[in-house]
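Asks: Chain by chain, the residues run as shown.
Protein chains: 2
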Amino acid sequence: MLLLSKPLELPVNQDKILQSLVTENLVSDPESARGRLLREAARLFREKGYERTTVRDLAAAVGIQSGSLFHHFRTKEEILKAVMVETIRLNTALMQAAMSSADSNREKLRALVSAELESINGQTGEAMAVLVFEWRSLSEASRAEVLKLRDIYEALWLDVLTGLKQEGALVADPFIVRRMLTGALSWTVTWYRPDRGGLTQDGLTDQVVAMLGLS
Amino acid sequence: MLLLSKPLELPVNQDKILQSLVTENLVSDPESARGRLLREAARLFREKGYERTTVRDLAAAVGIQSGSLFHHFRTKEEILKAVMVETIRLNTALMQAAMSSADSNREKLRALVSAELESINGQTGEAMAVLVFEWRSLSEASRAEVLKLRDIYEALWLDVLTGLKQEGALVADPFIVRRMLTGALSWTVTWYRPDRGGLTQDGLTDQVVAMLGLS
DNA sequence: GTTTACAAACCAAGCGCTTGCTTGGTATGG
DNA sequence: CCATACCAAGCAAGCGCTTGGTTTGTAAAC
Chain C
1 MLLLSKPLEL PVNQDKILQS LVTENLVSDP ESARGRLLRE AARLFREKGY
51 ERTTVRDLAA AVGIQSGSLF HHFRTKEEIL KAVMVETIRL NTALMQAAMS
101 SADSNREKLR ALVSAELESI NGQTGEAMAV LVFEWRSLSE ASRAEVLKLR
151 DIYEALWLDV LTGLKQEGAL VADPFIVRRM LTGALSWTVT WYRPDRGGLT
201 QDGLTDQVVA MLGLS
Chain D
1 MLLLSKPLEL PVNQDKILQS LVTENLVSDP ESARGRLLRE AARLFREKGY
51 ERTTVRDLAA AVGIQSGSLF HHFRTKEEIL KAVMVETIRL NTALMQAAMS
101 SADSNREKLR ALVSAELESI NGQTGEAMAV LVFEWRSLSE ASRAEVLKLR
151 DIYEALWLDV LTGLKQEGAL VADPFIVRRM LTGALSWTVT WYRPDRGGLT
201 QDGLTDQVVA MLGLS
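Chains C and D, in that order, give the protein sequences. Quick note on full-length UniProt numbering: the first sequence kicks off at 1 and runs consecutively. Quick note on full-length UniProt numbering: the second sequence kicks off at 1 and runs consecutively.
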């Protein structure tokens, strides 16, 4: 779907997770018309912002007429919502998978940080940026829907952070730490470029863990 | 100017700094027509976003006709730029003042965190949120202008963080830490409510410093 | 194995409305 | 008297979305 510009480069387990979500109809097939549209939408929404992206832009990006968009989606906003909802669904699943292979809370946190950096700076990056910067363009109703999904995602983090607090490994409040991490990690979309420049994604994960005194 | 909804409640030194900037013509007088317009613009841009705020909205907020706006600003984008530029100017000055009364780098960092939280969640909060979320709506030229001002601001942080690194108080890279802090602190605009709820701004500052292992 | 049926996917055209901004003129204060 | 600040009216362009009709894929009916 929208999230994958080079699906073939995905690790096997990630691809498996995606495919199972596709068969459950929770995310669109990246190769379907809907999936391609959502991917282009994520790209354009990130590049120019939701409001500055016209339905004509979206249509041109997938090679159809602007009116034909409304055969797939009833409104422009529904496209934005779909980008967000499917992104959260996929990343929640990926994050659960990343955590499941870790034993200690320290390892789990590292897995979470790493997975979130991957979601923000990897294949789903454009959609994640849309999630961060364009949520105000959602209607009240859509926003509630998206927030509900996000709560599931957030619960994963809070479990681990609360555990670390009880172990004494964490000094600050888990809720505060999570919110700070949300901001810090989201913000990497504005400056971190994994391709050019020395810092790898693993290196960045190290830095984050070090900053929290958990390395 | 735009930043102060209740100027009379400001600490004396902050008010002095503002006034000196006003006389230097670096920021608009909050009580001038231009100043009131910029304050309302910041409020509306934050509330609905730049694109969704019309010139008619802006005009109505200060009680004039939409066309009359263009007597004060040549374009709508110029209003956005003015909000950003004046906000950075004021906050840079406030931050320099906050730092000057601190001796050690530890104290200076605390002053910086506290000052940035104040700028984000205090009187200049609406304008700061605009700075975070609406920079994509600037033209290329305006963006360069804003970024140039922001560099001065950022240099303050990097000086202190580099000092802490040399002292061995900081494990991670100063540049990375600053960028993470930018994200973490900016993000507080989305969740932190200093008025209702137990956490004070000082308490939040404590949490941030604790998170970095610098308390 | 051709025909029929029909829904899904799309096009061409454009409607009605909102947008940023312009214009020509009028108050008002120093 | 003249600049500053405003109003009333509206223009041209661009917007999301609708409409009526055409193509395409698929699968049952004969």
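A few of these clues could be false.
Said to hold, decoys possible - Dumping the calculated BS3-like pairs for lysine-lysine here, alpha-carbon to alpha-carbon at most 30 Å:
#, chain 1, residue 1, chain 2, residue 2
1, C, LYS48, D, LYS76
2, D, LYS165, C, LYS76
3, C, LYS16, D, LYS165
4, D, LYS48, C, LYS48
5, C, LYS81, D, LYS16
6, C, LYS76, C, LYS165
7, C, LYS165, D, LYS165
8, D, LYS148, C, LYS76
9, C, LYS48, D, LYS165
10, D, LYS165, C, LYS81
As the list claims (entries may be wrong) - Counterexamples of contact, computed for chain C against chain D with all Cβ distances above 10 Å:
#, residue
11, ASP29
12, ARG34
13, GLY35
14, LEU44
15, GLU51
16, ALA59
17, VAL62
18, HIS71
19, LYS76
20, SER114
21, ASP151
22, LEU181
23, GLY183
24, SER186
In case anyone wonders, no lab produced these hints; they're calculated from the structure. Predicted, not measured: the structure shown is a model, and the values here were computed from it. Yeah, the Cβ is synthetic: ideal placement off N, Cα and C, and Gly gets one too.
Asks: Now tell me, hint by hint, if it's right for this structure.
Replies: Hints, one by one, checked against the model:
For the suggested pair LYS48 (chain C) and LYS76 (chain D), the alpha carbons sit about 17 Å apart, so the restraint of at most 30 Å is met. Between the alpha carbons of LYS165 (chain D) and LYS76 (chain C) the distance comes to roughly 49 Å, so the proposed pair goes past 30 Å and is violated. Restraint check for LYS16 (chain C) and LYS165 (chain D): not satisfied, since their Cα atoms lie roughly 43 Å apart, outside the 30 Å limit. Distance hint between LYS48 (chain D) and LYS48 (chain C) is fulfilled; the C-alpha atoms sit about 17 Å from each other, no more than 30 Å.
Of the pairs offered as hints, the one joining LYS81 (chain C) and LYS16 (chain D) is violated, with about 47 Å between alpha carbons and a cut-off of 30 Å exceeded. With a C-alpha separation of about 44 Å, the suggested pair LYS76 (chain C) and LYS165 (chain C) falls outside the 30 Å cut-off, and the hint is violated. For the suggested pair LYS165 (chain C) and LYS165 (chain D), the alpha carbons sit about 26 Å apart, so the restraint of at most 30 Å is met. As the CA atoms of LYS148 (chain D) and LYS76 (chain C) are separated by approximately 36 Å, the hinted pair breaks the 30 Å bound.
Restraint check for LYS48 (chain C) and LYS165 (chain D): the C-alpha separation of about 38 Å exceeds 30 Å, so the hint is violated. Restraint check: the Cα-Cα separation between LYS165 (chain D) and LYS81 (chain C) comes to about 43 Å, which exceeds 30 Å; the hinted pair is violated. The claim that ASP29 (chain C) lies off the interface holds: its Cβ sits roughly 30 Å from the closest Cβ of chain D, which is beyond the 10 Å cut-off. Non-interface status of ARG34 (chain C) relative to chain D is upheld: no Cβ of that chain comes within 10 Å, the nearest being about 26 Å off.
No beta-carbon of chain D is positioned within 10 Å of the beta-carbon of GLY35 (chain C); the least distance is around 26 Å. Look at LEU44 (chain C): its CB is around 12 Å from the nearest CB on chain D, clear of 10 Å, so calling it non-interface holds up. The claim that GLU51 (chain C) is not at the interface with chain D is violated, since a C-beta of that chain comes within 10 Å of its own (minimum 4 Å). Distance check for ALA59 (chain C) against chain D: the nearest CB is about 20 Å away, which clears 10 Å, and the non-interface claim stands.
With a cut of 10 Å on Cβ distances, VAL62 (chain C) stays outside the contact zone with chain D, its closest approach being about 23 Å. Under the 10 Å C-beta cut-off, the non-interface status given to HIS71 (chain C) relative to chain D holds; the minimum distance is some 26 Å. Distance check on LYS76 (chain C): its Cβ is at least 13 Å (rounded) from any Cβ of chain D, clearing the 10 Å threshold; non-interface status holds. The beta carbon of SER114 (chain C) is kept farther than 10 Å from every beta carbon of chain D, the shortest such distance being approximately 15 Å.
No beta-carbon of chain D comes within 10 Å of the beta-carbon of ASP151 (chain C); the shortest separation is about 14 Å. For LEU181 (chain C), the shortest C-beta to C-beta distance to chain D comes to about 7 Å, within the 10 Å cut-off, and the non-interface label is violated. Residue placement check: GLY183 (chain C) does not keep its beta carbon more than 10 Å from all beta carbons of chain D (closest about 2 Å). Its beta-carbon lying about 6 Å from the closest one in chain D, SER186 (chain C) breaks the requirement of being farther than 10 Å from that chain.
Hint violations for this structure: numbers 2, 3, 5, 6, 8, 9, 10, 15, 22, 23, 24, all remaining hints satisfied.
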